[in-house]
Amino acid sequence: MPEIYTAPKKKAKSKTKTSVERAPARFFHHPTYKAKIEKIIRPEQRNKSHWSSFVAQPKTLNFETQERKERVILLLRRHFITNLSWILTTLALVMAPFLFLNYFPFELPFRYRLIIALVWWLASFAFAFEKFLSWLFNVNIITDERIIDIDFPSLLYKDISETKLDQIQDVSIRVGGFTRSLFNFGDVAIQTAGPKVEIYFEAILNPEQVSKVLNELVLEEEQEKLEGRVR
Amino acid sequence: MDNSIIPADDLSSLASFFPAWLSPWIFIKILFLIGLTLYLAFAGMVVRQVNLMTRTLQGGYDRTLKLVSWAHLIVALGIFLLSLIIL
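Order-wise, the sequence lines are chains A and B.
Anchor point for the first sequence: position 118 equals 118 in the numbering used here, and the numbering is continuous, going up by one each time.
Just add 231 to wherever you are in the second sequence, counting from 1, and you've got the numbering used here.
Keep in mind that the hints were calculated from the coordinates and are not lab data.
Hints may be right or wrong, so weigh each one.
To be verified - List time: in silico DSS-like cross-link candidates among lysine-lysine, alpha-carbon distance up to 25 Å:
#  : chain 1 : residue 1 : chain 2 : residue 2
1  : A       : 39        : A       : 212
2  : A       : 164       : A       : 131
3  : A       : 48        : A       : 59
4  : A       : 48        : B       : 297
5  : B       : 260       : A       : 158
6  : A       : 212       : A       : 164
7  : A       : 39        : A       : 69
8  : A       : 225       : A       : 196
9  : A       : 39        : A       : 225
10 : A       : 59        : B       : 297
11 : B       : 297       : A       : 131
12 : A       : 225       : A       : 48
Chain B with its partners taken away, still in its complex shape:
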C-alpha cells in the first residue's frame, strides 16, 4: 500500500498498535464499504419509489424514469465494486 503521501507522525503511531501485515487503511476501507452498502440500499429504495409513483400516475414517462432509477442503482453497484478492488 502506498503510504508515502500520509504524514509520518499521523499514521506511524497508529500503525505501531497493529501487526505488520495489518494496515490501518483496512479499517478505513471497511468504513467506506459499509457506507456504500447503505447507499446501495437507498438506491434500491429509489427504484421502489419510482415504481410506486409511476403506478399512481401513468403519464408516458414511466419507462424513462425507471431506466434512470435502475441506471443509478447500477452505477452505485459499480462504485461499490470499484472501491472493493482499488481501496
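So that you can see chain A by itself, here it is in the shape it has in the complex:
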C-alpha cells in the first residue's frame, strides 16, 4: 500500500537543563518599560561587580526562592561607608597585643603570650569576617515580580521577607545627615498591603533611583492587570 501521508517525526526535547533555565521575563518583553528602567539606571551602573552595594541587572546572580522566569533588576546592600566602624575596631584589635601584652598583671612565659596573641588575632579576624559577611549577605532584591529582604541577624539565623509588587502601596525616601548627603545614601521605606506592613531598605546607595525603579515597576504591574497580562 503506497504511503499517503507520513507525519514528520518530532525531535525529542533535550532533557538536559542549564542550572537556571529561564525564559525572558515578561517585564523585559515590554520594550517601553524596559527602556524606562534602563533610562533610570545609568549605563555605568550596570554589570558592576557583585561585591558592590548597588548592582543593577546582574546576569549571574541567583537567590534561593527565585522563580524560574523571575529576573533580578536591582541588588542593594548598605553603603560601604557603614562598615567604617567595624573596620576601625578591627584595626584597634589587631594593634592591641603589641600595646597590652607587655603589661599583663603578672609576668607570663613567652609561649603563653604567643598563644594569647595568636588567638587574639584569629578572633579579630573572625570578628571582621562576620561583619563582612553580614554586610555582603544582608541584601534587598528587586525583581520584576517582587521585592525581597534577606537578613541574617545572627549566626545560623535567616530571615527572608518578600512582597509582590502589586501589594506596594507607598514608597518613601529618607536621607539625612552630613555623611548620608555627602555619599548619597539613605533609607527607602516601602508600605505594603501584605503581612509585613513595612519593608525597609536601610542605608542604600542612590535611594531616589531605587524609588523611581519601584514606582515604574508598580505602574507596570497595574498596567498588566488592566491588560490581562498577569502570569
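Put chain B on the given structure of chain A with help from the hints.
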C-alpha cells in the same frame, strides 16, 4: 618548665599544695585548651554559616568565602595543636 620569669612569691605558695611532679601551669594549660576547643566549635559554625549564606544568595563569591572560612578553621586547629605541644 621554665618558671624563672614568674615572681617567686606568687607561684611557690601555690606550688606547695601540689605534688612535686604537678605544676600549676598544667591547670592554666587545660584552661587554654578548653577555650581553644570552644573556639574550634565556633570556627565550625562559621563554616556552616557561610554554606547557609552562599546557598541563599549565589553571586559568584561562594568559592572565595568558603575557602576563607575553611582556612580560618584550619588555622584555629593549628593553634590548638601548637598550644598542646608548647604549653
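Hint check results:
no., hint, in the structure
1, A:39 to A:212, "holds, 10 Å"
2, A:164 to A:131, "violated, 30 Å"
3, A:48 to A:59, "holds, 10 Å"
4, A:48 to B:297, "holds, 22 Å"
5, B:260 to A:158, "violated, 37 Å"
6, A:212 to A:164, "holds, 17 Å"
7, A:39 to A:69, "holds, 23 Å"
8, A:225 to A:196, "holds, 23 Å"
9, A:39 to A:225, "holds, 24 Å"
10, A:59 to B:297, "holds, 22 Å"
11, B:297 to A:131, "holds, 16 Å"
12, A:225 to A:48, "violated, 33 Å"
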